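So the chains spell out like this:
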Amino acid sequence: MVGIIAGIIQDGLIYGIMALGVYISLKILDFPDLSVDGSFPLGMAVTTYCILHGIQPYLCLIIAFAAGAAAGAVTGLLHVKLKIKDLLSGIITMTALYSINYTIVGKPNEFLSVDTATVFSVIPKNTPFGLYNYRYIIISFIIAVIVKKLLDWYLKTKSGFLLRAAGDNARLVVTTGKDPGKVKILGLALGNALVALSGALNLQYTRSFNVSAGTGTLVMGLAAVIIGTSVFGKIKHLTLTSGVLLGMIIYKGCISLAMLAGLEAKDTNMIVAVLFVITLVISRAKKKGGEQLC
Amino acid sequence: MLKLSGIYKTFNKSTVDEKVLFSGFDLSINKGEFVAVVGSNGSGKTTILNIISGDIAPDSGKIELNGEDITDKKNFVRAANIARVFQDPAAGTSPSMTIFENLSIADNKGGRFDLRRGLNYKRKDHYRELLSVLGMGLEDRLGTRAGALSGGQRQALALIMATMAKPSLLLLDEHTAALDPKSADIVMNLTDKLIHENSLTAIMVTHNLRYAVEYGTRSIMMHEGSIVLDVSGEKRNSLTIDDYLAKFNRISIECGN
Ligand SMILES: Nc1ncnc2c1ncn2[C@@H]1O[C@H](COP(=O)(O)OP(=O)(O)OP(=O)(O)O)[C@@H](O)[C@H]1O
Ligand SMILES: [Mg+2]
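First to last, the sequence lines map onto chains L and V. Per this note's numbering: the first sequence = residues 1 to 294. Per this note's numbering: the second sequence = residues 1001 to 1257.
Just so you know, the hints here were simulated from the structure itself, not pulled from any lab data. Honestly, I wouldn't trust all of these hints.
Stated by the list, open to error - On the chain L side, residues computed to face chain V include the following (Cβ under 8 Å):
1. F161
2. L162
3. A165
4. L172
Unchecked claim - For lysine-lysine, the following DSS-like pairs were computed, each having C-alpha atoms within a straight-line distance of at most 25 Å:
5. L:K149 <-> L:K234
6. V:K1109 <-> V:K1031
7. L:K81 <-> V:K1073
8. V:K1109 <-> L:K158
9. L:K148 <-> L:K182
10. L:K158 <-> V:K1122
11. L:K182 <-> V:K1073
12. V:K1109 <-> L:K156
13. L:K182 <-> V:K1074
14. V:K1013 <-> L:K83
15. V:K1074 <-> L:K81
16. L:K158 <-> V:K1124
17. L:K182 <-> V:K1109
18. V:K1109 <-> V:K1073
19. V:K1073 <-> L:K83
20. L:K156 <-> V:K1124
21. V:K1124 <-> V:K1193
22. L:K85 <-> V:K1074
23. V:K1003 <-> V:K1235
24. L:K158 <-> V:K1074
25. V:K1122 <-> L:K156
26. V:K1166 <-> L:K158
27. L:K83 <-> V:K1074
28. L:K234 <-> L:K27
To be verified - Label pairs and their calculated CB-CB ranges:
29. V:H1196 <-> L:A96: 49 to 59 Å
30. L:A66 <-> V:G1110: 23 to 33 Å
31. L:A96 <-> V:G1006: 43 to 53 Å
32. V:R1117 <-> L:L59: 25 to 35 Å
The structure presented is a predicted model; accordingly, all values stated were derived computationally and were not measured. Glycine residues also receive a C-beta, built at the ideal position from the N, C-alpha and C atoms.
So that you can see chain V by itself, here it is in the shape it has in the complex:
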């Protein structure tokens, strides 16, 4: 369903800061897969998500989604099929707008933003239901500004907003990294639940190896712009956190760090 082929990306070309990140990067993801991506800092995880979402253009290469070539499509056009949750809980919501207003915007994705009333009263009960699942009491606070919520609450809201329109692909970039361990677990559970319930295809970047082991159907490890490990099924199930750590260390030594 998602196919990246021959992706090349160099930052700051022909300057002293030149950084060759991807040279011929390939990745194929099937419908329904939940891919956990791990890898050291600077290995290109965020950049590859940005290339998929259209926030960064590759120097060359091809990106296909559902069989369609989307390489030249703008980020907001791709957004019709691709949803995203960022590490920064502030990135997924409009802070000065209320929970109800935020949900109404997200719910109207793909629709017309015209002069009809912005708040969607018809769906209010549905929103309450979605929020009550979180167990954060947000269902009774629809009139609260999103900016007044805690990071975990905002991230949970962002996740609900991102998955509301059932995107064909969900991109998660360390979306639990800014949260305390308990909130992180809650948001991670919610993520898993939403992905299953809506049968979404998802790519989740995480530095939490436990999440990479416990969740998802496929694991990818990246290093300096290439994939150094790609496992799924039986083979993946047999891997432990220690196996991932060992692989990490081996690569680091091989590369001389």
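Looking at chain L on its own, in the form it has when it is part of the complex:
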């Protein structure tokens, strides 16, 4: 039981970083960015390649982050410069990334042997208090919190202000003499960078790469963002970013429950779809209630 709960929190933290990326594109920029379905496995592919080429595991995270940023920037450029619709821009990048990810790793599946060093290896076997057994959850927690704190900090900088204004009211960005298109590209780059970082961490945890691992990433992130902002959004002193991380943990918990209840892995996408509709309906109902109050 403890193992299952630890597994849920573990997964929730790793995928929570992805949800923070989706939070930026979807909630802040109001951009349904499907390229995340490609940038999550991009993070995995880049990390697989880098680890197999002997690059330091933490450096791999940074390289994956940069690769994700590049992918997000491409989506942004397609949308802003070529005036392609938001959904379509994301689909194009996602489609291209499938080939790119395949090419990076060279095959559709790849595994890292159990003795390969990863970011979790900084807690060695002989660490006191049996911390070794909790190395995954400890490291994931530390990384997720650092990412969350950095994001909170960024959103309070002048650049972060502009990003928030761009999603809220692009006119205001124009008024301040800045190009809203550029701000959008920057935001999409940042969002996809976090998604790829999440993929990189996930790869080092599971040690297995699958070129199709990104399917459903956006919907999963969306569900966590909606759970996070609608369930935890009203709690004082809890930032929305913390809410999103918690949202992903809850989401992973629901999936685990469904599995315990006898559903199989092949059913998860169905559960995701159903859960997604439910959260959407709930959040819409809440909004309506709010409007009636006004």
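Since chain L is already given, all that's left is putting chain V with the ligands on it; use the hints.
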């Protein structure tokens, strides 16, 4: 300071919906002028503001600001010198951000939006002072989201934000039209005050003829893409609301509506 010459603009060219709006539109505005623009619906008031701000490109013609040709400049580049307040109170502020955050953004206009702290604590007292002039109690609500304010309050905030960086030209498009009469008067008074205090040059589109008579230094009446009345000084001061109405009616009859 602002000079539009030979502006041509046709919407939906070579389609059944073709609409020739401007054919050789000229307008010159001197520094310090406060121009009130009136005119029937569809006469091209909003479009001309959009052409000045760079949101709509004319088919041909030239736009000069402070002696510089800005015809090919993008809207956000022109924004360095041109500020704008819209009819929709939601258009001038970021609703999910607080009053303090909104003011800090506007205050940083022309500056770098980098990784320094977004909130400008050094200027907080100055912001409070600007807000207290409104008499709306906003000075004690810096932490309130702009989206939670009433239309009049938001418009007043938008006006303060637009004039903060002392633009060379202020464009106002029916910026009191969405407000109740009392809020409209408050915002109009504030507008006049800010324009005077900062010696701004301004163009104000309004359907409120009383405002066109009481405020400003020059009046322009537009009809179907041309200027049909352009008065300032003594001549303008002698005009009453009824004179404007009479002119309106005469034009409408001449054009057969
Ligand atoms: N994007 C557009 N496409 C097609 N026609 C347009 C467009 N923008 C404006 N027009 C037309 O140009 C004319 C002038 O419109 P404009 O909005 O400038 O009028 P206005 O003087 O601001 O009117 P109002 O007093 O109603 O605000 C109208 O006939 C309008 O239908
Ligand atoms: Mg108009």
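Each hint, compared with the structure:
A hinted interface residue such as F161 of chain L counts as satisfied when its beta carbon comes closer than 8 Å to some beta carbon of chain V; here the least separation is about 4 Å, so the hint holds. Against a cut-off of 8 Å between C-beta atoms, the interface hint on L162 of chain L holds, since the closest Cβ of chain V lies about 5 Å away. Given the 8 Å rule on beta carbons, the hint for A165 of chain L holds: about 4 Å separates it from the nearest Cβ of chain V. For L172 of chain L, the interface hint holds, the least distance from its beta-carbon to any beta-carbon of chain V being 5 Å, beneath 8 Å.
The hinted pair formed by K149 of chain L and K234 of chain L meets the criterion: a straight-line CA distance of about 20 Å does not exceed 25 Å. Among the hinted pairs, K1109 of chain V with K1031 of chain V is consistent with the structure: their alpha-carbon atoms are about 22 Å apart, no more than 25 Å. Restraint check for K81 of chain L and K1073 of chain V: satisfied, since their Cα atoms lie roughly 17 Å apart, inside the 25 Å limit. Distance hint between K1109 of chain V and K158 of chain L is fulfilled; the C-alpha atoms sit about 11 Å from each other, no more than 25 Å.
Of the supplied pair hints, the one linking K148 of chain L and K182 of chain L holds, its CA atoms being roughly 24 Å apart against a limit of 25 Å. Restraint check for K158 of chain L and K1122 of chain V: the C-alpha separation of about 15 Å stays at or below 25 Å, so the hint holds. Restraint check for K182 of chain L and K1073 of chain V: the C-alpha separation of about 16 Å stays at or below 25 Å, so the hint holds. Between K1109 of chain V and K156 of chain L the CA atoms are separated by roughly 17 Å; this keeps the pair inside 25 Å, and the hint holds.
Restraint check for K182 of chain L and K1074 of chain V: the C-alpha separation of about 13 Å stays at or below 25 Å, so the hint holds. Annotation: proposed proximity of K1013 of chain V to K83 of chain L holds, straight-line Cα distance about 21 Å (limit 25 Å). Between K1074 of chain V and K81 of chain L the alpha-carbon distance is near 14 Å, which keeps this suggested pair within the 25 Å criterion. The suggested pairing of K158 of chain L with K1124 of chain V holds, with an alpha-carbon distance near 16 Å, which does not exceed 25 Å.
The suggested pairing of K182 of chain L with K1109 of chain V holds, with an alpha-carbon distance near 16 Å, which does not exceed 25 Å. For the given pair, K1109 of chain V sits about 18 Å from K1073 of chain V by alpha-carbon distance, which is consistent with the 25 Å threshold. At roughly 19 Å between alpha-carbon atoms, K1073 of chain V and K83 of chain L fall within 25 Å of each other, so this suggested pair holds. For the suggested pair K156 of chain L and K1124 of chain V, the alpha carbons sit about 16 Å apart, so the restraint of at most 25 Å is met.
Simply put, K1124 of chain V and K1193 of chain V have alpha-carbon atoms about 21 Å apart, close enough for the 25 Å limit, and the pair holds. Using a Cα cut-off of 25 Å, the hinted pair K85 of chain L and K1074 of chain V holds, with the two alpha carbons roughly 22 Å apart. Distance check on the hinted pair: K1003 of chain V and K1235 of chain V sit about 23 Å apart at the alpha-carbon level, within 25 Å; holds. Of the supplied pair hints, the one linking K158 of chain L and K1074 of chain V holds, its CA atoms being roughly 22 Å apart against a limit of 25 Å.
Note on K1122 of chain V and K156 of chain L: the hinted pairing holds, with a Cα-Cα distance of about 16 Å set against a maximum of 25 Å. For the hint pairing K1166 of chain V with K158 of chain L, the CA-to-CA distance comes to about 20 Å; that is within 25 Å, so the pair holds. At roughly 16 Å between alpha-carbon atoms, K83 of chain L and K1074 of chain V fall within 25 Å of each other, so this suggested pair holds. About 16 Å separates the Cα atoms of K234 of chain L and K27 of chain L, which keeps this hinted pair within 25 Å; it holds.
At roughly 57 Å, the beta carbons of H1196 of chain V and A96 of chain L sit within the given window of 49 to 59 Å. Judged by the Cβ atoms, the range 23 to 33 Å given for A66 of chain L and G1110 of chain V holds: they are separated by roughly 31 Å. In this structure, A96 of chain L and G1006 of chain V meet the distance hint of 43 to 53 Å, their C-beta atoms being roughly 46 Å apart. Between R1117 of chain V and L59 of chain L the C-beta distance comes to about 30 Å, which sits within the given range of 25 to 35 Å.
The earlier numbered hints are all upheld by this structure, with none contradicted.
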